[in-house]
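Construct all of the structure, not just a fragment, from the sequences and the given hints.
If you want the building blocks of each chain, they are given just below.
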Amino acid sequence: MSVNDAARAGDATQAKATLEADARGARSRQNRALLLRVIGALALLAVVVAVVDALSHGAFLTAGNLTNVLRQITYNAILGIGQTFVIITAGIDLSVGSLIELTGVVMATFANNVPFHGPLLLGVTLLVGLAVGCFAGFVNAVPVVRLNLPPFITTLAMMLMARGLAFKLAHGQPVTLTDSTAFDATGTGFLFAPLLRPLGFPGIPVPVLWMIVLVVVFAVVLTRTRFGRYVFAIGGNEEAARLAGINVARVKTLVYVISGGCAAVAGLLLMARFGSGSPNTGIGSELQSIAAVVVGGTSLMGGRGSVVATFFGALLIGLLNNVMNLLNIESYTQDIVLGAVILVAVVVDELRKRYLRT
Amino acid sequence: MSGAVAPAPFLRMNGIVKTFPGVKALDGVSFDVRAGEVHALVGENGAGKSTLMKVLAGAYRADGGTVEIDERVVTIDGPKAAEALGIGMIYQEFNLVPDLRVVDNLLLGHEPVRGVFLDRSGAVARASAILAELGVSVPLDLPARRLTVAQQQMVEIAKSLARKARIIVMDEPTAALTEREIDALFALIQKLRAQGVAFVYISHRLEELPRISDRITVIRDGRTIETRPTAALPQHEMVAMMVGRSLATHFPKLPPVDEHAPVVLSVRGLCAQTGVAVHDVTFDVRAGEIVGLAGLVGAGRTDVVRAVAGADVPSAGDVFVQGRRVVAYSPHDAIGAGIAFITEDRKGQGLVLGMNVRENTTLAHLGRFARHGFVDRTKEEATTTDEIAELRIRTPSSEQLVRNLSGGNQQKVVLAKWLIGDAAVYLFDEPTRGIDIGAKAEIYALMVGLLGRGKGIVMVSSELPEVLGMSHRVLVMRQGRLAAEFAGTEATPERVIAAAAGLAA
Numbered sequence: 103m104s105v106n107d108a109a110r111a112g113d114a115t116q117a118k119a120t121l122e123a124d125a126r127g128a129r130s131r132q133n134r135a136l137l138l139r140v141i142g143a144l145a146l147l148a149v150v151v152a153v154v155d156a157l158s159h160g161a162f163l164t165a166g167n168l169t170n171v172l173r174q175i176t177y178n179a180i181l182g183i184g185q186t187f188v189i190i191t192a193g194i195d196l197s198v199g200s201l202i203e204l205t206g207v208v209m210a211t212f213a214n215n216v217p218f219h220g221p222l223l224l225g226v227t228l229l230v231g232l233a234v235g236c237f238a239g240f241v242n243a244v245p246v247v248r249l250n251l252p253p254f255i256t257t258l259a260m261m262l263m264a265r266g267l268a269f270k271l272a273h274g275q276p277v278t279l280t281d282s283t284a285f286d287a288t289g290t291g292f293l294f295a296p297l298l299r300p301l302g303f304p305g306i307p308v309p310v311l312w313m314i315v316l317v318v319v320f321a322v323v324l325t326r327t328r329f330g331r332y333v334f335a336i337g338g339n340e341e342a343a344r345l346a347g348i349n350v351a352r353v354k355t356l357v358y359v360i361s362g363g364c365a366a367v368a369g370l371l372l373m374a375r376f377g378s379g380s381p382n383t384g385i386g387s388e389l390q391s392i393a394a395v396v397v398g399g400t401s402l403m404g405g406r407g408s409v410v411a412t413f414f415g416a417l418l419i420g421l422l423n424n425v426m427n428l429l430n431i432e433s434y435t436q437d438i439v440l441g442a443v444i445l446v447a448v449v450v451d452e453l454r455k456r457y458l459r460t
Numbered sequence: 008m009s010g011a012v013a014p015a016p017f018l019r020m021n022g023i024v025k026t027f028p029g030v031k032a033l034d035g036v037s038f039d040v041r042a043g044e045v046h047a048l049v050g051e052n053g054a055g056k057s058t059l060m061k062v063l064a065g066a067y068r069a070d071g072g073t074v075e076i077d078e079r080v081v082t083i084d085g086p087k088a089a090e091a092l093g094i095g096m097i098y099q100e101f102n103l104v105p106d107l108r109v110v111d112n113l114l115l116g117h118e119p120v121r122g123v124f125l126d127r128s129g130a131v132a133r134a135s136a137i138l139a140e141l142g143v144s145v146p147l148d149l150p151a152r153r154l155t156v157a158q159q160q161m162v163e164i165a166k167s168l169a170r171k172a173r174i175i176v177m178d179e180p181t182a183a184l185t186e187r188e189i190d191a192l193f194a195l196i197q198k199l200r201a202q203g204v205a206f207v208y209i210s211h212r213l214e215e216l217p218r219i220s221d222r223i224t225v226i227r228d229g230r231t232i233e234t235r236p237t238a239a240l241p242q243h244e245m246v247a248m249m250v251g252r253s254l255a256t257h258f259p260k261l262p263p264v265d266e267h268a269p270v271v272l273s274v275r276g277l278c279a280q281t282g283v284a285v286h287d288v289t290f291d292v293r294a295g296e297i298v299g300l301a302g303l304v305g306a307g308r309t310d311v312v313r314a315v316a317g318a319d320v321p322s323a324g325d326v327f328v329q330g331r332r333v334v335a336y337s338p339h340d341a342i343g344a345g346i347a348f349i350t351e352d353r354k355g356q357g358l359v360l361g362m363n364v365r366e367n368t369t370l371a372h373l374g375r376f377a378r379h380g381f382v383d384r385t386k387e388e389a390t391t392t393d394e395i396a397e398l399r400i401r402t403p404s405s406e407q408l409v410r411n412l413s414g415g416n417q418q419k420v421v422l423a424k425w426l427i428g429d430a431a432v433y434l435f436d437e438p439t440r441g442i443d444i445g446a447k448a449e450i451y452a453l454m455v456g457l458l459g460r461g462k463g464i465v466m467v468s469s470e471l472p473e474v475l476g477m478s479h480r481v482l483v484m485r486q487g488r489l490a491a492e493f494a495g496t497e498a499t500p501e502r503v504i505a506a507a508a509g510l511a512a
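From first to last, the protein sequence lines stand for chains A and B.
Numbering-wise (my numbering), the first sequence opens with residue 103 and increments by one.
Numbering-wise (my numbering), the second sequence opens with residue 8 and increments by one.
Derived by calculation from the structure, the hints in this document are not laboratory data.
By construction, the Cβ of each residue, glycine as well, lies at the ideal position given by its N, Cα and C atoms.
Among these hints, one or two may not hold up.
Residues from chain A that face chain B, not an exhaustive set, calculated with beta carbons under 10 angstroms [as the list claims (entries may be wrong)]:
id, residue
1, GLY337
2, ASN339
3, ALA343
4, ILE348
5, ASN349
6, ALA442
7, ILE444
Structure follows, in structure tokens:
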């Protein structure tokens with residue numbers, strides 16, 4: 103009998119070892135599949151780039167142009183980060199476009215009326231903007247978590263209110279910064295310019311650095327923290343998450359607060375770039391950010407998604423806009439192409455998933 | 008079966024093979040069904056019954072093998088094709104649209120029209136004709152969500168017949184029915200088979216098969232083991248074929264309860280209004296004791312455990328765990344107080360299907376695997392791997408999505424999620440519903456193991472033998488109240504049934 107027990111114990115250890123090996127195997131298989139996809143995508147990209155560069159007579163593949171694309175996608179990518187969190191919980195945030203405007207107007211007005219200067223002014227202004235954006239996100243979330251109202255409605259209402267408020271506060275005009283020195287570096291500056299310029303690079307635009315930091319930080323939050331895990335669990339099965347003791351209301355609220363905060367950061371960068379907070383700069387950006395999330399492969403049904411993928415979604419859209427500009431394609435045609443690309447991206451993603459499933 | 012010459016089969020499935028990534032779900036299954044026959048399909052969970060039926064219904068395409076109808080090979084490349092061939096499928100989770108009325112559900116996709124408009128009176132006439140033919144009465148105007156489970160099932164059957172089904176596949180049709188409803192269902196099946204309709208009948212309730220089926224096919228590990236007339240296949244032999252080994256006793260012996268053992272759960276005057284109204288429920292559970300909650304469906308058993316677990320908010324009453332009152336009721340608070348709740352509906356409430364085994368296992372106790380908010384995956388994986396080995400969860404790895412596991416293995420993942428915590432009380436709601444005999448025995452053993460560690464258990468079950476075999480004490484509920492209590496040998500099937508039905512014992 104004791105021999106039997108020992109044998110069984112041995113079996114268990116062995117089974118465990120096999121399991122561990124299998125887990126490692128599964129992970130390395132996943133990694134390999136991912137690697138193959140990345141290589142495939144890069145190969146395709148290389149071909150497209152070569153063709154586009156030829157068509158644009160070499161205007162595309164220049165350090166200046168590519169840096170420009172990165173700077174242009176900054177705002178959309180940052181909005182997309184918050185939007186990704188919201189969409190993974192099977193929600194949606196339509197208010198981020200107007201929150202750019204509201205926070206921009208509030209921050210510009212604030213900056214014009216306080217006696218601070220330099221980095222202190224920048225920091226305090228950002229905090230004020232974040233407070234406004236996060237509070238709006240909180241207001242978005244309350245009816246969603248307390249009354250189970252659809253986020254489409256609450257954020258639509260916020261979209262209208264925030265835009266109206268921005269116009270009222272700004273009296274219908276952009277609020278120009280009386281002294282923009284504290285913000286110039288953030289809006290239009292370059293990092294490592296002296297170092298990179300001899301190599302043909304204009305340097306790293308400061309907003310791009312903000313974007314990279316935010317993408318990295320929130321990618322880590324989403325994939326490595328408890329909070330991130332809960333976001334996925336709620337999107338995958340909210341009732342199971344609740345019964346597992348997860349404070350669903352808190353996690354969901356936080357998700358909308360993050361989205362509002364991201365809108366505030368985008369608002370600051372835009373204000374710094376243009377030297378003013380304007381009540382109509384954000385029109386349509388909520389839909390752009392949703393497009394970036396979707397092109398990145400995040401499911402609107404919730405439960406799946408990635409911040410890094412959203413960044414690439416925003417990058418793809420940005421590159422497309424840029425290429426079409428270089429090729430002198432008129433803006434109406436650009437809209438048609440962009441819409442078609444979004445549709446194709448989603449269809450291809452769905453077909454790929456079905457192919458993998460069967 | 009009488010000695011008549013067996014007619015040619017209406018349906019024949021030959022050497023069906025179906026492979027999923029990493030799993031060979033079907034490995035050459037063959038069986039046939041004659042017109043007017045009820046053919047039972049049995050096997051442990053994961054044996055391949057559901058996959059086989061999904062191939063028949065056009066939900067999956069087989070990788071090999073043929074399907075013949077009326078001795079002609081047919082191609083079933085989708086649900087439409089299956090429907091056209093006269094194949095009706097009634098899944099365990101019904102496919103009714105909850106907010107549509109019964110009449111609209113019945114004729115969904117086949118609505119009678121007059122020009123471009125729906126022919127409302129024509130629809131009502133056709134629907135009532137179908138129901139009248141079946142001899143069942145279901146209010147046509149009610150939305151489907153307001154029907155009882157039994158009524159929904161009748162509507163599903165009627166729906167198949169409205170589409171001229173000649174063979175109807177039923178997956179666990181009696182799982183949620185009361186005795187009387189089962190009688191009505193069986194009467195209906197008998198009536199239809201007399202008209203030549205064939206049935207494939209999938210069930211884990213082996214004891215009901217002699218009442219309803221003509222032949223039985225046993226499937227194990229994706230292969231046909233044997234097909235025999237029901238009368239020639241005794242239950243113990245069937246079970247042995249299913250598990251591939253003979254199973255001795257069904258229920259393990261429960262260790263006796265120490266009468267001085269501390270009370271771990273004390274429920275006082277509990278009332279709830281969220282589902283079935285629950286009134287003034289009071290009971291205690293000692294360490295090392297299993298208390299069974301019996302009663303008819305709709306008697307409020309689930310509502311009691313849900314209220315105790317904080318899944319619903321009680322309207323009155325107190326719950327004490329190890330003498331301490333549980334305050335501010337939510338699942339989070341209940342877990343913190345030491346209550347673990349294993350829900351009855353694992354797909355809807357127990358698991359996040361799109362997450363893997365590891366993420367589901369640690370979900371309720373993620374704090375223990377996190378430092379400064381960051382999750383330690385290596386630690387998670389170590390614990391999950393332990394649980395997989397301990398509970399013998401059949402999965403290729405801890406990274407497999409639970410969506411891809413069989414029912415019994417999914418249930419084990421739910422258990423793993425609560426076992427890694429150190430709760431004082433475990434609430435099991437239908438712990439073995441829809442899972443195979445082998446897994447059932449393992450879950451019973453696990454419950455005994457929990458008793459040995461001084462835990463208290465409350466178990467809700469609709470299977471009377473399970474309640475009687477796995478409880479120290481049985482509480483019988485009726486219409487939201489505790490109707491009777493039986494300890495040990497006092498609990499006989501007759502007494503429990505009488506108390507549940509409100510009859511004088």
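Cross-check of the supplied hints:
no. : hint   : result
1   : GLY337 : holds (8 angstroms)
2   : ASN339 : holds (4 angstroms)
3   : ALA343 : holds (7 angstroms)
4   : ILE348 : holds (7 angstroms)
5   : ASN349 : holds (6 angstroms)
6   : ALA442 : violated (29 angstroms)
7   : ILE444 : violated (24 angstroms)
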